[in-house]
Amino acid sequence: MRLIFSRALIAIVVAGLLSACVTTPFEESPVSGNPAVIALADTARSDIAEYRYAQAAASLERALRIEPRNARLWHELARVRLGQEDYPQAENLAKRSNSYAMNDGALRHANWKLIAECRRELGDLVGAEAALQKSKK
Amino acid sequence: MTLLLLMLALAGYLVYLDHTVRQQFEGRRFALPARVYARPLELFVGKKLEPGQLVAELKMLRYSANDDPTRPGQYSYKGHTVSVHVHDFTFWDGAQPARRLSVNFSRGAITALTDFQTGRNIDLTRLDPVPIGGIYPAHNEDRVLVRLEQVPNSVVDALIAIEDHNFYNHWGIDPRGIARAFYTMVTGQRVQGGSTLTQQLVKNFYLTPERTITRKFNEILMALLLELHYDKRDILETYINEVYLGQDGNRAIHGFGLASRFYFNRSIEQLELHQSALLVGMLKGPTYFDPRRHPKRALERRNLVLAEMQRQGLITQMELDAVRYRGLDVSDNPGVGASAHPAFLELVHRQLRRDYFEDDLRSEGLQIFTTLDPIVQAAAEHSLSRRLDQIERARRLPADLLEGAVVVTSALNNEIHAIVGGRRPRFEGFNRALDAERQIGSLMKPAIYLTALSKPDRYTLVTPLDDSKLVWKEAGTDDWSPENYDKEFHGEVPLRMALANSYNVSSARLGLALGVDEVIETAHLLGVEREMPPFASTLLGTVNLTPLEVAQMYHTLATGGFHMRLGAIREVLTADGKPLQRYPLKVEQTIGAAPAYLITAALQDVVREGTARRLSQYLPPGINAAGKTGTTDELRDSWFAGYTGDRVAVVWVGNDENKNTRLTGSSGAMTVWGDMMAQLGPEPLVPPQPENVERVRIDVATGLRADEGCSDTVELPFIQGSAPEKTAPCASQSTGKKIRSWFQRVIGKD
Numbered sequence: 001m002r003l004i005f006s007r008a009l010i011a012i013v014v015a016g017l018l019s020a021c022v023t024t025p026f027e028e029s030p031v032s033g034n035p036a037v038i039a040l041a042d043t044a045r046s047d048i049a050e051y052r053y054a055q056a057a058a059s060l061e062r063a064l065r066i067e068p069r070n071a072r073l074w075h076e077l078a079r080v081r082l083g084q085e086d087y088p089q090a091e092n093l094a095k096r097s098n099s100y101a102m103n104d105g106a107l108r109h110a111n112w113k114l115i116a117e118c119r120r121e122l123g124d125l126v127g128a129e130a131a132l133q134k135s136k137k
Numbered sequence: 001m002t003l004l005l006l007m008l009a010l011a012g013y014l015v016y017l018d019h020t021v022r023q024q025f026e027g028r029r030f031a032l033p034a035r036v037y038a039r040p041l042e043l044f045v046g047k048k049l050e051p052g053q054l055v056a057e058l059k060m061l062r063y064s065a066n067d068d069p070t071r072p073g074q075y076s077y078k079g080h081t082v083s084v085h086v087h088d089f090t091f092w093d094g095a096q097p098a099r100r101l102s103v104n105f106s107r108g109a110i111t112a113l114t115d116f117q118t119g120r121n122i123d124l125t126r127l128d129p130v131p132i133g134g135i136y137p138a139h140n141e142d143r144v145l146v147r148l149e150q151v152p153n154s155v156v157d158a159l160i161a162i163e164d165h166n167f168y169n170h171w172g173i174d175p176r177g178i179a180r181a182f183y184t185m186v187t188g189q190r191v192q193g194g195s196t197l198t199q200q201l202v203k204n205f206y207l208t209p210e211r212t213i214t215r216k217f218n219e220i221l222m223a224l225l226l227e228l229h230y231d232k233r234d235i236l237e238t239y240i241n242e243v244y245l246g247q248d249g250n251r252a253i254h255g256f257g258l259a260s261r262f263y264f265n266r267s268i269e270q271l272e273l274h275q276s277a278l279l280v281g282m283l284k285g286p287t288y289f290d291p292r293r294h295p296k297r298a299l300e301r302r303n304l305v306l307a308e309m310q311r312q313g314l315i316t317q318m319e320l321d322a323v324r325y326r327g328l329d330v331s332d333n334p335g336v337g338a339s340a341h342p343a344f345l346e347l348v349h350r351q352l353r354r355d356y357f358e359d360d361l362r363s364e365g366l367q368i369f370t371t372l373d374p375i376v377q378a379a380a381e382h383s384l385s386r387r388l389d390q391i392e393r394a395r396r397l398p399a400d401l402l403e404g405a406v407v408v409t410s411a412l413n414n415e416i417h418a419i420v421g422g423r424r425p426r427f428e429g430f431n432r433a434l435d436a437e438r439q440i441g442s443l444m445k446p447a448i449y450l451t452a453l454s455k456p457d458r459y460t461l462v463t464p465l466d467d468s469k470l471v472w473k474e475a476g477t478d479d480w481s482p483e484n485y486d487k488e489f490h491g492e493v494p495l496r497m498a499l500a501n502s503y504n505v506s507s508a509r510l511g512l513a514l515g516v517d518e519v520i521e522t523a524h525l526l527g528v529e530r531e532m533p534p535f536a537s538t539l540l541g542t543v544n545l546t547p548l549e550v551a552q553m554y555h556t557l558a559t560g561g562f563h564m565r566l567g568a569i570r571e572v573l574t575a576d577g578k579p580l581q582r583y584p585l586k587v588e589q590t591i592g593a594a595p596a597y598l599i600t601a602a603l604q605d606v607v608r609e610g611t612a613r614r615l616s617q618y619l620p621p622g623i624n625a626a627g628k629t630g631t632t633d634e635l636r637d638s639w640f641a642g643y644t645g646d647r648v649a650v651v652w653v654g655n656d657e658n659k660n661t662r663l664t665g666s667s668g669a670m671t672v673w674g675d676m677m678a679q680l681g682p683e684p685l686v687p688p689q690p691e692n693v694e695r696v697r698i699d700v701a702t703g704l705r706a707d708e709g710c711s712d713t714v715e716l717p718f719i720q721g722s723a724p725e726k727t728a729p730c731a732s733q734s735t736g737k738k739i740r741s742w743f744q745r746v747i748g749k750d
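Chain order of the listed sequences is A and B.
Mapping the first sequence onto this note's numbering, position 98 (from 1) lands on 98, and the numbers just tick up by one.
Mapping the second sequence onto this note's numbering, position 644 (from 1) lands on 644, and the numbers just tick up by one.
Read the hints as simulated data drawn from the structure, not as lab findings.
Don't take each hint at face value.
Said to hold, decoys possible - Quick list of simulated restraints, FRET-style, between CB atoms:
(1) A:Glu85 with B:Arg120: 36 to 46 Å
(2) B:Gly52 with A:Met102: 33 to 43 Å
(3) B:Lys78 with A:Glu28: 35 to 45 Å
(4) B:Ala95 with A:Ala49: 19 to 29 Å
(5) A:Pro30 with B:Ala95: 25 to 35 Å
(6) A:Glu85 with B:Ala513: 36 to 46 Å
(7) B:Ser732 with A:Glu85: 56 to 66 Å
(8) B:Gly515 with A:Glu28: 49 to 59 Å
(9) B:Pro533 with A:Glu28: 48 to 58 Å
(10) A:Gly33 with B:Glu521: 41 to 51 Å
(11) A:Glu85 with B:Lys78: 47 to 57 Å
(12) B:Glu715 with A:Gly33: 26 to 36 Å
(13) B:Lys659 with A:Arg45: 50 to 60 Å
(14) B:Ser732 with A:Met102: 24 to 34 Å
Unchecked claim - Derived, one-sided and incomplete: chain A residues facing chain B with beta-carbon distance under 10 Å:
(15) Thr43
(16) Gln55
(17) Glu61
(18) Arg62
(19) Ala71
(20) Leu93
In this text, all values refer to a predicted model and were calculated from it rather than measured experimentally.
Cβ atoms here follow ideal geometry from the backbone N, Cα and C, with glycine treated the same way.
If we strip away everything but chain B, and leave its shape as in the complex, we get:
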């Protein structure tokens, strides 16, 4: 009776195990991380690109230098020509085959682009995009799935020779191995060894890592059941995709598919015998035999595998001799963990979460094509880290007092090119670009001035503003009496100079005259979505925004009034390269073209002659950048937001605990901005002039119309009909002068 019950219990348990094994093996799809890529580098004749930048991109793609780049993934660089054999790659709009290109350069641009084989000109092509990270399943497991047909025989042979030479004949277990395991256990040692490939797979798949006799028992039963249901090829293929083969920072390298790329920068099909042997040898201890960290050990282990293969007759003595003296041939670039640019990746992840389930992102192997420009990202990271170090040293500030953030976008479409979340860009921590909500100070002012310039009947760039003492009384709040940074009042100042010098008092008075609500509405039209309190102090930027929000606001200024929601993703493809989703460019004109044009002119004056004039130390003349400095009370925040012809960038510098940084917008953030932009070779800012805008020469002293007779003049844009009608006294066309010049003509002398 007892025996019967026992048998029944065992049978029931077996049914349960069988169910588990089958369900998991069949239902199991490997969780594949979403792969995230930078923008592909486009190549065409006329493209602004230095050969060095192309080579840098190829290095990021782990292409290797080779005098004769006959294989995909190789390039050569001689004189003014880069010859590159690009990999095949499937983009959103289709597959691009591997081919060898010749790219000629002259004066910082591509001058010829030809197909090496046919010699024909190519209109347009692109490199494969640089992978910038993944959104990983549990335990940061990363893998590239392969089918058994793709796996070279050398891998399978080595695997069977070393791990389980009886694989094709056993039923899932090896009785001798088990006997040995029991023996070691009985003699008091820990249970180990004696596992077939099937058992190893069962262990990884279904079981926890502890070593107990029950577990060993389960393992044996499950291995037997697995072999009962599935053929050897299925089991082998799953094993090849499952096994752990090393660590890249916090990313776990699983499967031979990814391992071939990670260690050799090759697809699995391209593995050579000695490389296969190395990977198989590493299974025994991927950390202990890590070929990058312990090359000697790894080499010995590899040669042991090769010798064993020869002993078992899987390779000949000749084959062995041909490879045993070869080096490890491991690629130099070991990777950077989960991502080289965690701050950008985080933005991508957040954007994806709006449209996808978290589980799908972490398991479906989606391919995410982003807008990240590695060249811009590198410059932004570099400038922030370098400038903060320099500033701390030069000003004898405590080390690591300063933190910072950078956002760079295109000025011409909605794409975000770079995100830096702190001065240590590899560090995955507080992402200040997205999450640091800080007072924006004077960065708010363009919203005031834009509101004013939208009313050409009342305000132009030369309208005099009152910069005398102001006391603002508002029910429910204390009296408000803003001060200028220099603690002085400046009397009557032309509108554009009040902005250029960032005068607080005249700006506040202007904002109050327009209405705080209306200024806040303008900020919303510029793309600030957050609610702002309708207090007078909001005018001077006591509202908290993140650098990304500020970037959105200044982006709408840069586009001439077209709001485009900033984005980091272009397209999403499925794991097998089918288009899934595209994030199209959407534009909405929220600000009139003419006022937008005027505010840009005013912000160009900030750089030309205002608080940002020291930017000229960084940028070549003629760029005519537009921008605004921002400094908050007790020098807690140093901001600079600005744009050139092609890019918008916002830099914040401050301290995480709100300490005094002893920096203004122009001595801190602006220097980072300038240093970064200088590296990027910015395009001059020449906004297209709207139809209803005219340019009028103005006498600086009086703000009236000028001509050749005036010595200190400036040409300024006005919305048609709003320019001053009166002529300045200095002008030769002024009434008094007209008579005099007529007289001079008659007399014929001065």
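Bound conformation, chain A alone:
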């Protein structure tokens, strides 16, 4: 009985660890403490899911007018441009996100990965590798 219990406990812990690996920490936390910004980011996310990129960008820009230093919002906007295959914009927006990311290592990581992807798409393999290295720091 005790054995089963401890095994179950281990299983739960392992499952928890695994799930933590799947979603990066910054995506689990709310994008902002401001309900107005959260609402706009949610709208943007559902627009992205439906490939309505122009609408998503409009909502995110509106959110950024409320919280212009929110690194998460800049990252979301970079993802919209990535979805539209506008790689130069996506890269620059990710850099903008990084400039506000401060100690959010997970977000920095995501931004550098996104930058690496943009550079790869543009054929800049050296730049992509450099970005990937930065993402691992």
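For this one, chain A is given, so just place chain B on it according to the hints.
Structure of chain B alone, referenced to chain A:
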């Protein structure tokens, strides 16, 4: 034979007229102006906003104060709560219905936002945007189209009673009216009167205003043809949209749709009987019966219309009695002509011309949503006008010697918040913010210092610069020997102090060491698109830029090196509210984050201890604004460009004929800048510190590392690895002191 030819000619003419009438009536779409709106005011909990600012915005929207705001367009303001019934409005991202909101305030921010009806919290909503003008068709005709179904019966009844009571029965003309007209003409008077609504419409639509017999003849024929082809409702609807109903400055008010808004601040559906009667009464002479300028006349005319309606049985005696003693109920805010902010509107128009045909802008009824912030625009206009008046009086300068311009943008995205083109902002004249190309003087210097700070192996904020006499020889030009403003040389000065004090000689020498071309390249990276001559004097700003170009340059500094092309438009919608185009935010990092961070620190020193230190008279401590003064030869131009945490602003003060203004950058433009920013409650400037930047405490006297042992120190940012390695003599960690402190610890006393 002659008769036959005559008949043939007449028939041919009729065919021609018929063609004209049909083609124009059917092909005719009313030319609708593009409508231009300010940014909508966003409302959410936590928003920095004073209740007074909300009320000011509502007044600009012509909302009326009402203890119980049950109808859209009304608001009440009691204690810390503004209750407002917002209009419905279609934005780029969809329609927002009318609803009543309660907005609570505390300490300059919104603390609660609820739906009055449901009591539920609202995350985010916005007011309808303030209209700031239009881009108008020929003759500045403005109108809001309405369909006949929207028009209240009272308007139609009054119209028919007064202008053409036989409208539904005639064929376009009224034989008795025409007989009367011919009679007056035969007796030598001018041709007048006797027109049916159809004839009036034909006159406005197809004919020139002269009064001749041929014209009258054409009018009759065309009226008959119009009635032959179209039913009464089409003709009536067109008439209601066409007629001229007054003047707002240079803007002509056409149609009942716009007139209801212009005179009563209501949509046409909301018109009451007495208001309908007034508008119809005004048709006889919109200027003569203008209810704002001639209320007594207008009231008499209105009551005449009402009495006539009662006489013809269109309203009862009771209805008449119920309204005849009512006031005119005209809204107070009469509008401001084509635009209250012509300078901003001009920028919008220029930007639109890149993407649209001029004809479409003036006829398609596009809805243009701009970035103008009315609160900022008002502060900018006010500060410029007021400060220039004050300066002229205080310095006994000739009145109107000075002119000026202001550009204000966000420091965090690419939006332009305000444009002032001169000290008389309503005046649609030379737009100095966009078109005055003036020498920028020392405003160029940050490009030199930024170029230097991008080379951390050679330059840091404390690198000593040489401010001794300089003679520069260049083939093809005269020797160049710049002087400092105080006519002195300052020997060796730390880099940041050379910028803070705007020393010309050390700055020029630095620029020459870096290369003029490289400095110009930095200016381009900052967003100056104009070509600049590669001469040494360019380093000290002998290039001409407009205030808007300067704003672009300093904007890139403010964003920490991210170039974003400044824009005035967010979105464009079609006349019926369908999204047409959006101008998205585009960013490009053109300057490294670390050098950008350092140059901002240096520009903060300009304000803290340099040429702009008197800004502290305007701004509360802790804002840590960054900025640069600029003064040109013979005091022709006074500039200030700077930024806070949330806004970038550039002010130019000068004289249109290049006269001496007796002002420096800090005694002229900077005072306008400070006065304006103070009104706007600026956010402190705290740029995010890049990873590869460290802060090091520096001994001011030596420019070496300091610690608690040093009395006069400053903490400065350095790109990693570039900070001085040596410690200042004053530092307790300097080698001599280390031994002494060890000794003190051992001995146990000082």
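Tested hints:
1. A:Glu85 with B:Arg120: 36 to 46 Å: holds, 40 Å
2. B:Gly52 with A:Met102: 33 to 43 Å: Given a distance of about 35 Å, which is inside 33 to 43 Å, the answer is holds.
3. B:Lys78 with A:Glu28: 35 to 45 Å: holds, 43 Å
4. B:Ala95 with A:Ala49: 19 to 29 Å: holds, 23 Å
5. A:Pro30 with B:Ala95: 25 to 35 Å: Since Pro30 of chain A and Ala95 of chain B have Cβ atoms about 28 Å apart, the given range 25 to 35 Å holds.
6. A:Glu85 with B:Ala513: 36 to 46 Å: holds, 44 Å
7. B:Ser732 with A:Glu85: 56 to 66 Å: Holds, since Ser732 of chain B and Glu85 of chain A (Cβ atoms, about 59 Å apart) stay within the stated range.
8. B:Gly515 with A:Glu28: 49 to 59 Å: With Cβ atoms ~51 Å apart, the hint holds.
9. B:Pro533 with A:Glu28: 48 to 58 Å: At 56 Å between Cβs, range holds.
10. A:Gly33 with B:Glu521: 41 to 51 Å: Cβ of Gly33 of chain A to Cβ of Glu521 of chain B: about 42 Å, so the range 41 to 51 Å holds.
11. A:Glu85 with B:Lys78: 47 to 57 Å: holds, 53 Å
12. B:Glu715 with A:Gly33: 26 to 36 Å: holds, 30 Å
13. B:Lys659 with A:Arg45: 50 to 60 Å: Given range 50 to 60 Å: holds, Cβ gap about 59 Å.
14. B:Ser732 with A:Met102: 24 to 34 Å: Cβ of Ser732 of chain B to Cβ of Met102 of chain A: about 32 Å, so the range 24 to 34 Å holds.
15. Thr43: Hint holds; Thr43 of chain A Cβ to chain B Cβ min 8 Å, cut 10 Å.
16. Gln55: holds, 6 Å
17. Glu61: Check passed: Cβ of Glu61 of chain A comes within 5 Å of chain B, closer than 10 Å.
18. Arg62: Holds: closest Cβ of chain B sits about 8 Å from Arg62 of chain A, inside 10 Å.
19. Ala71: holds, 9 Å
20. Leu93: Because about 6 Å separates Leu93 of chain A from the closest Cβ in chain B, which is inside the 10 Å limit, the hint holds.
Every hint, counting from the list given before, is met by this structure.
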